[in-house]
Amino acid sequence: MEVKSITEQKSLLATLAPGKRTRLRRLLFEFGPGNGTLLLLPIDQGIEHGPRDFFPNPASKDPEYQFRLAAEAGYSALACQIGLAEKYYPDYAGQVPLILKVNGKTDVPPSGDALSTTNASVEDAVRLGADAVGYTLYVGSPRQDADLHQLKGVREDCDRYGMPLVIWAYPRGSAIDAKGGRDSFYAIDYAARMAMEMGADVVKLNFPKYPGEKDKDSPAPYDEIDIPISDAVGHVVASAGRSLVVLSGGSKTDDETVIGHTKTIVQAGGSGVIFGRNVWQREWNEALEIIERIKETLLENVRRIP
Amino acid sequence: MEVKSITEQKSLLATLAPGKRTRLRRLLFEFGPGNGTLLLLPIDQGIEHGPRDFFPNPASKDPEYQFRLAAEAGYSALACQIGLAEKYYPDYAGQVPLILKVNGKTDVPPSGDALSTTNASVEDAVRLGADAVGYTLYVGSPRQDADLHQLKGVREDCDRYGMPLVIWAYPRGSAIDAKGGRDSFYAIDYAARMAMEMGADVVKLNFPKYPGEKDKDSPAPYDEIDIPISDAVGHVVASAGRSLVVLSGGSKTDDETVIGHTKTIVQAGGSGVIFGRNVWQREWNEALEIIERIKETLLENVRRIP
Amino acid sequence: MEVKSITEQKSLLATLAPGKRTRLRRLLFEFGPGNGTLLLLPIDQGIEHGPRDFFPNPASKDPEYQFRLAAEAGYSALACQIGLAEKYYPDYAGQVPLILKVNGKTDVPPSGDALSTTNASVEDAVRLGADAVGYTLYVGSPRQDADLHQLKGVREDCDRYGMPLVIWAYPRGSAIDAKGGRDSFYAIDYAARMAMEMGADVVKLNFPKYPGEKDKDSPAPYDEIDIPISDAVGHVVASAGRSLVVLSGGSKTDDETVIGHTKTIVQAGGSGVIFGRNVWQREWNEALEIIERIKETLLENVRRIP
Amino acid sequence: MEVKSITEQKSLLATLAPGKRTRLRRLLFEFGPGNGTLLLLPIDQGIEHGPRDFFPNPASKDPEYQFRLAAEAGYSALACQIGLAEKYYPDYAGQVPLILKVNGKTDVPPSGDALSTTNASVEDAVRLGADAVGYTLYVGSPRQDADLHQLKGVREDCDRYGMPLVIWAYPRGSAIDAKGGRDSFYAIDYAARMAMEMGADVVKLNFPKYPGEKDKDSPAPYDEIDIPISDAVGHVVASAGRSLVVLSGGSKTDDETVIGHTKTIVQAGGSGVIFGRNVWQREWNEALEIIERIKETLLENVRRIP
Amino acid sequence: MEVKSITEQKSLLATLAPGKRTRLRRLLFEFGPGNGTLLLLPIDQGIEHGPRDFFPNPASKDPEYQFRLAAEAGYSALACQIGLAEKYYPDYAGQVPLILKVNGKTDVPPSGDALSTTNASVEDAVRLGADAVGYTLYVGSPRQDADLHQLKGVREDCDRYGMPLVIWAYPRGSAIDAKGGRDSFYAIDYAARMAMEMGADVVKLNFPKYPGEKDKDSPAPYDEIDIPISDAVGHVVASAGRSLVVLSGGSKTDDETVIGHTKTIVQAGGSGVIFGRNVWQREWNEALEIIERIKETLLENVRRIP
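Heads up: the sequence lines are chains A, B, C, D and E, in that order. 72 is the number that the numbering used here gives to position 69 of the first sequence; each next residue is one higher, with no gaps. 253 is the number that the numbering used here gives to position 250 of the second sequence; each next residue is one higher, with no gaps. 40 is the number that the numbering used here gives to position 37 of the third sequence; each next residue is one higher, with no gaps. 233 is the number that the numbering used here gives to position 230 of the fourth sequence; each next residue is one higher, with no gaps. 192 is the number that the numbering used here gives to position 189 of the fifth sequence; each next residue is one higher, with no gaps.
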């Protein structure tokens, strides 16, 4: 089950309109580790999980912590909601690119019918000088009808303004839970393709928990497939086609896992990583240290320059 | 139970506005097998089923495979969603016409209340140089109210821009399941008429599974009707009136069935076929071979030149 | 329980805006039997019931059958959905007026919460040269909130363009089923008033099935009322006030019932009839014959010239 | 539990914009009994209850009956839906002011989740020469979210066009039924305040059924309060603040109750009454008689001149 | 678990657009106690609870009572709905700033799926000369999808017009009830952050009921945390970041609690208090007295001048 080599493909930026190409190149080449890689800092846990994520490192409760970290450690971009963008980003304008997340929600209610509605617009992103827009798509949710239609508007505005579209493609909802769960290979692979077909320029995915106990609930051939995790990640990257792929780490884990995942994703043709809690739940100097290691890993292992 | 001969009718393009006629003629006469036939390549399985459809032929996971196939083998048009259209179609612009599918969904949640919301617009289609727009209508779904109203907007925009409207008319939902099922003669026949009355220029239908065990659950006279499958297809084509009809093959089957269905549909007055997995789940040369046979069958058996 | 004589009222067209008056006069005086009567041909069974209605007379499956019948037999107007209007009406433009039905639905799902959403607009009607717009209102449905609000938009556009509004006023839904049913005197009487108050220029009603077994479930005084059917029809016409009333026949019945109902409705002050299956489920010559009898009956018995 | 004297307040019209003041003064001083009182005739029973309300006085089935009554007996205004306004009001334009009711519904489905959607607009009211707009708000309904948001649009248009807003403030729905019912002192008092805070210029309320058996289910202090009905009405009027209050009579009752309620409301600081069935379910001369008595009662007892 | 000192931060007004800064400074420095503090008077209990709140002090039923109190006692601003703003505020224009609450609802139905829809617009606020807009966000409600999307529109309009946005951030709904309840430290802390991230310039929160019996149902670390209430309030203020925080008192309590809470909030870095029933459920002179004490407490204890 060989996947066609991705590195032989044409430039992934070739079909992008000028505005999108200009902005995306900033993230890929002018900021962050560069050379076509992406190192993104998400600051959306405050709404997605609430302030409980800030207790391990109390300093992180002040958004200044993450903003300064993104700028000083040299991230490709940071991603946050409108409130932070309006009140904290101005001090860092021009020092680190902004990805404005335009939808989000609390995790208080159960997620069986997950839907994340927009709280900001692509016009807000343009006004604030953002270089990309972020949208969370709950792939396979029973409310995908509302989700996909909402995404249409965001995607159209991105086309209108030449704004790159980063899709957080999250399998979610009662139906995916019954088919292997949100982190299964099946679910992540589907999400990658879905985001690409919906117009993502960059797809953000969770690292698949593979192999897992519930994989046997997935549709064929995922229920019986047996490949190394690196190949699984390769499949996922291939499913995203010409959309760039960044993988995330989820909750805080040990350094070797962080670095290992980083290596796996770029070796599989992905463009980089998006690490939040794994970075800013550390003290300042420790955070800088792990960031440095991640950047080196990205540059040493990157295979596909978009 | 004779159906009035269709070939005596006036030109099916006669009532089309100039823009629709110009674009539809490209598909019928300038590209593909020609002589008023249609050979369409759908590339929407990646969102409708997920990447699992690509495993039988790993090369097909890269959309390039299908795009190149459509162009090189000489299809009348290919049909895909906005993401593929923006990132893959530019390389094939002018080489094979594009049908932009403007709605779609994953098959993760159950389809009892199926509704497929729009993720792209007719304006997107115009901007991308598409020659037609595709819309999936779930005929008889409990949410037909939202579906039909949404279709109104798409149809009006098609009228505004002179863009041909291809309706994927799929009986779907808990209510149709109780009346013989989505592939029954009753269901397909109803879907054909519904699409035509809603303004379809071309209707895409599944080949009816007829006769079937559940037909007795269909309303009269479908519950007791007993005619050859060729006549059933003739009824379906007649129900679509002046809308052109293409039938699809569904999941991969053997060559003789593919060719047999192709013959049946055009002999019944249909305009052609839309084969996806039956074609691109094959190796490149095998795919070219079966396409060639389909084209010959279309040209040898076509009865109605629109 | 005498109802005030309707014939003493002022002209029913007196309060209509110029555009409405111009167009409605065409139906009442220039086409069809004339002298202020209405003979309408509905061609919406293909979506409301599906093609099963065409089996009794296979020729009727081709919409040409009904269109030609409407034109040659001299109907006041035909009523159909956008698809037929765009693809079949152009050949008959100017030969028989068009009523564009702007909403509709299949009968596949149960009708407990019936709602028929718009699939075309009043602007479509203007563009196509229609002389009226048709709207199906499900009186008393649990979803009347969406229905009435949708009707607002249609009615406003009718006022804007001077387009007569014909309301198909159908009691429907679980609540009306519990109060005597959709064809009870109570239900039809309510529907007539409702349509008039919502702005109908013409109200289309089903002939009440009265007296019926379930009338005792209707609110007082309908549960105990005991009047001849002709008086009941008189009440219904009176409830519609200055809106013209046409009654329909429903499924095919015998000739004497058709003629009897026709006589009853115009003698009660109604303006005419709308017969579909009762007409086009017959062979061509039989159809012409019964139409001729209906026209004579209308002209001989009409009491109220609007 | 003394309520601050209302008569000491400033003019209730003082804060109204010119258009609202102009139009409202017509109702209060130029038409009807005058001297700042209101005598309103509602003609919306045909949709809210259906034609069954017309049986006690068959002549009332023809809307002419109510329109002529309003004009000849000298009402402050009549209130009706768009259909009646378009087809019957033109003959009485300038003879009696029009309040255009912009929402309404049938009473066929149960009212546990009551919501009345708009079927006409404030622009319709302007176009028809109306002097006010009427809106039914179902206070406390589980669907208040849709109701209040809809009212926003109507209120904004009233502000835009200088059109007085009359809110029919009806406690309704399963939740209010559990707290004492729709006619309890608690419910009516809440409704009065709600309508005022939502921007009503005039509030229409039902006369509270007080004291009642279910009052003990109301929140404190309503569950234990024990005051004369006149004081309760005083509370209600006070709750409406600077919005004028008219009370209605509901279904037909005896003359002394009609006159008694009329006296009670204006002595409590209200502006008048709105009597429908209590008036037009009578023969013409009886209707004129009771109207005359009501008008005298209003003028003799009015305490607050707005 | 130390929270980074807030007083070292830059000016909280620094990133505000000119219109927002101009208006917010009026509340902070020109009206009320001044020196960067906020003393707000809410007058929305009439719709949120109904007139029952006015019984303890009958004079308070007349909105004049609260308006005069706000102006004479020297409040920073009063907050009310559109009806009061239009009919009562004009007399106090320029004497006390207005915060127009743009959404609200009755408390009649249960609040398991709480959603408060808009009944007024930011444009209304501009037209009425308001200095801020108030929005109630039900944090964690199962209907947060509708809530957050609605807030988007309000926030965008605030950005467009330079209107400060005050968010009443209320944890609400069945899901939060299951996680410690609406007044838990967890819930209030989450609400503070959520409001800030959604674009609040000022966040209005309820004083947390902490420690409470149900805290153990909250997610970690809130289920086991054990800090003084003053630290908890400090956390909450920190969670709101650069959004100013005002805390409310809820139902009427004793004077020492009122003053104690006031001290706690400003010592923790908050900007002030919003007391409704605790103030206007008192006789006029008593109300003035407690207000005077609150103002002194604010000025004596304020730590953070924005």
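Keep in mind that a hint or two might mislead.
Copies of one chain are not kept apart here, so a pair can be met inside one copy or by any two copies together.
With a straight-line cut-off of 30 angstroms between C-alpha atoms, the simulated DSSO-like cross-links for lysine-lysine are [unchecked claim]:
no.	residue 1	residue 2
1	K219	K255
2	K219	K266
3	K13	K219
4	K13	K217
5	K13	K266
6	K255	K217
7	K212	K266
Hints in this document: simulated from the structure, not taken from any laboratory. Fair warning: this is a prediction, and the values are worked out from it, not measured in the lab.
Hints and how they fare:
1. In the homo-oligomer, the alpha carbons of K219 and K255 lie at most 30 angstroms apart both inside one protomer (28 angstroms) and across protomers (24 angstroms), since each shortest distance falls under that limit.
2. For the homomeric pair K219 and K266, the shortest alpha-carbon distance inside one copy (28 angstroms) is at most 30 angstroms, but the shortest distance between copies (40 angstroms) is not.
3. For a Cα distance limit of 30 angstroms, the shortest separation of K13 from K219 qualifies neither inside one copy, at 36 angstroms, nor across copies, at 55 angstroms.
4. Proximity of K13 and K217 under a CA criterion of 30 angstroms is satisfied in neither setting, with 37 angstroms inside one chain copy and 50 angstroms between copies.
5. Proximity of K13 and K266 under a CA criterion of 30 angstroms is satisfied intra-copy only: 23 angstroms inside one chain copy versus 40 angstroms between copies.
6. Proximity of K255 to K217 under the C-alpha cut-off of 30 angstroms is found in both arrangements, the shortest distances being 23 angstroms within a copy and 28 angstroms between copies.
7. Taking the closest pair of Cα atoms, K212 and K266 come within 30 angstroms of each other only inside a single copy of the chain (16 angstroms); across copies the shortest separation is 48 angstroms, beyond that limit.
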